[in-house]
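Colleague: Those protein sequence lines, which keep their order, are chains L and B. If you number the first sequence the way our numbering does, the last residue is 394 and the count never jumps. If you number the second sequence the way our numbering does, the last residue is 1234 and the count never jumps.
Calculated from the structure, these hints are not laboratory results. Do not rely on the hints blindly, as some may be mistaken.
Claimed, not checked - Example chain L residues on the side facing chain B (calculated, C-beta under 8 Å, incomplete): (1) P15; (2) A19; (3) H21; (4) Q22; (5) I24; (6) T29; (7) V183; (8) S186; (9) K191; (10) N197; (11) D201.
Idealized CB from N, CA, C, for every residue including glycine.
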Amino acid sequence: MKNKCKNCGYPITHPFGIAIHQGICSGCTTHNEKYELDWSNRYDRLNEIIKVTKNSKSKYDCIIPVIGDAEDYFVVSEVLKLKLNPLLVSVNSYFLNDIGWKNLHNLFTHFDLDSIVYNPDIVTYKELIRTSLRKYNHMLLPFLQLHTSFPVHYAEQNNIPLIVWGANQSIEQVGKFSHLDEVEMSKWSRKEHDLFNVDIDTLIGNGAQVNERHLNYYYYPKIQKLGKKVKGIYLSNYMPWDPLSQNCSTIDFGFTPQKNNTTFDIYERSGSSVYYGIHDLMKFERIGYRKINDHIAREIRHKRLSFSEAQVLFKEQEEQKVYIKPFFSWLGVTDSGYQWFLDHRIKRSKHLISNEPISSKFTNQTLPHLLKELIKKAYDPESEFIIYGKGIDI
Amino acid sequence: MRKGAIVLFKDGYCFQSYGWKFLRPLGKLQNILDHLEEYEVDEISIIRPVRMNDSDNSFYSDLKILSKLKTSTPISFGGGLLNYQRVKDSRILPFERLVFSSQLFLNDSDLIKKSSELLGRQAILGCLPFKFVNNDLNIFDSSENIFKPFNNLNYNQLDLCDEILTYDTHNEGFRNSFDKRIFENDYLKKRKIIISGGALSFNKYEISEFNIASKLIENKVLHQEYSIKRLHEK
Chain L
1 MKNKCKNCGY PITHPFGIAI HQGICSGCTT HNEKYELDWS NRYDRLNEII
51 KVTKNSKSKY DCIIPVIGDA EDYFVVSEVL KLKLNPLLVS VNSYFLNDIG
101 WKNLHNLFTH FDLDSIVYNP DIVTYKELIR TSLRKYNHML LPFLQLHTSF
151 PVHYAEQNNI PLIVWGANQS IEQVGKFSHL DEVEMSKWSR KEHDLFNVDI
201 DTLIGNGAQV NERHLNYYYY PKIQKLGKKV KGIYLSNYMP WDPLSQNCST
251 IDFGFTPQKN NTTFDIYERS GSSVYYGIHD LMKFERIGYR KINDHIAREI
301 RHKRLSFSEA QVLFKEQEEQ KVYIKPFFSW LGVTDSGYQW FLDHRIKRSK
351 HLISNEPISS KFTNQTLPHL LKELIKKAYD PESEFIIYGK GIDI
Chain B
1001 MRKGAIVLFK DGYCFQSYGW KFLRPLGKLQ NILDHLEEYE VDEISIIRPV
1051 RMNDSDNSFY SDLKILSKLK TSTPISFGGG LLNYQRVKDS RILPFERLVF
1101 SSQLFLNDSD LIKKSSELLG RQAILGCLPF KFVNNDLNIF DSSENIFKPF
1151 NNLNYNQLDL CDEILTYDTH NEGFRNSFDK RIFENDYLKK RKIIISGGAL
1201 SFNKYEISEF NIASKLIENK VLHQEYSIKR LHEK
């Protein structure tokens, strides 16, 4: 127990860092602010901040970086309530399945907003993923580098003064800051939290076979150049953030949840071919726990799960297997390369790898009452790793 | 007035402290220093927030990490400088000044004097974590983990310090607050002061009147891009 929070069970191995005081983690302590703060005042504060951007001469008041996730639907709906005119900016991860693409396109059309989708050079992108896997057992780093920098470049180049993000994960998960700190997007925070201290320079080192000319958007813009021109805020600092309940409400906007075996949360990263597969497996390799732990801790804090109910749920899902072969095929790794990876890079999660596709047995029937109410009907994807955009399959 | 930052570092990791009672994690020290350098801070103070719980093991493993830091910003270091051996061993660090706190209470220690002889008086900073209790100034003695009246300090030790870092423990981690009653203290009126804990801005008149040599921002320095400038511009 010494290495876990006695309230939510979060382990201290969280990559963002976590502090435990008298047995309770910083995540739980900060979460309790949600019941103590005057959120009406916080919302007034948000209105004050956006006043500045409303007066700018730009065509768009702000950028919302999106991936087609349920949280994006919620953020867009909240930004529209604030009477801002947003531009939706997306980076193609090349990991979306049919549900993911449907969700992304529906986001653009349902809210009838302008959008741009950046398709990174796929040869460079795949080489960076191979390098990231080889060096850090992490396959999302190249996408995260682009997702957290391209919208900032675009804002800077087009004089759009504000970027609106949804949750600040370092606050939501480990309570790294108080909501009152009003932490904003920054180059430091991006490297420390979004990139786990691996920026593009560190990633490529001297091993990646990439042309540096293709890496521009993987770098964060120079902060001297950004100056006070672009500010990035997190909505979760100004409203009591409740991901599951918010995400559930986005079904009304046409969002499609996806079934999966490894967690009860059908909303977060619905439509991804990798998030609960290879990415979850690598997370377990690196830090010793899976996404289900994040979701359980979150639901305990929101009082929808008791600690004992959480134990049962955890036991049901912690040993669920994943089928990762299609990811390696997409990456262009040969069968022998795949076998080498399993033999040399997978140390503690071999038992979690399935040799054949897994059909989802998802059901909300066994979930505790309060959770069950928010877990609605979910769907199976028909096709994974859909190449969209330039349509080039290499 | 110099504009700097204060970073709490222990067991290989940096923390933020709120109101002297609650720690939140912050991040990796090198990444923090890299960004503070980019923000062009004038100086950085790295403090190990140790109380009665320090050990040689913890001190020297922190020292090992600190010795590998890459930065060109002037650094001061404190927290755990309890004996001359530790002071001598700290010379391997890329730092310019050492910060003493609990030693300032002692009558029978010549550690600050010997350190001053070893490194020069300009390299010695005294740190006074303070709070007011019923209008009386109290200073935290980390060796006993309690606040003591200001008069318990040994003025001879304080006199050996080039500058005094006054750290408002009540307001640390919070915005726009710093207990200015500290400047009413007769001894401190005569000294060059560094202020930290809370982020109240001071006007030019106050900076001159209170002899403020430097202001070190704690947690908030990384909460927004270029907050070091924003916080000083208020």
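Colleague: Against each hint, give a clear statement of whether it holds in the structure.
Modeller: Evaluated hints:
no. : hint : result
1   : P15  : 10 Å, violated
2   : A19  : 5 Å, holds
3   : H21  : 6 Å, holds
4   : Q22  : 10 Å, violated
5   : I24  : 10 Å, violated
6   : T29  : 7 Å, holds
7   : V183 : 5 Å, holds
8   : S186 : 4 Å, holds
9   : K191 : 6 Å, holds
10  : N197 : 6 Å, holds
11  : D201 : 11 Å, violated
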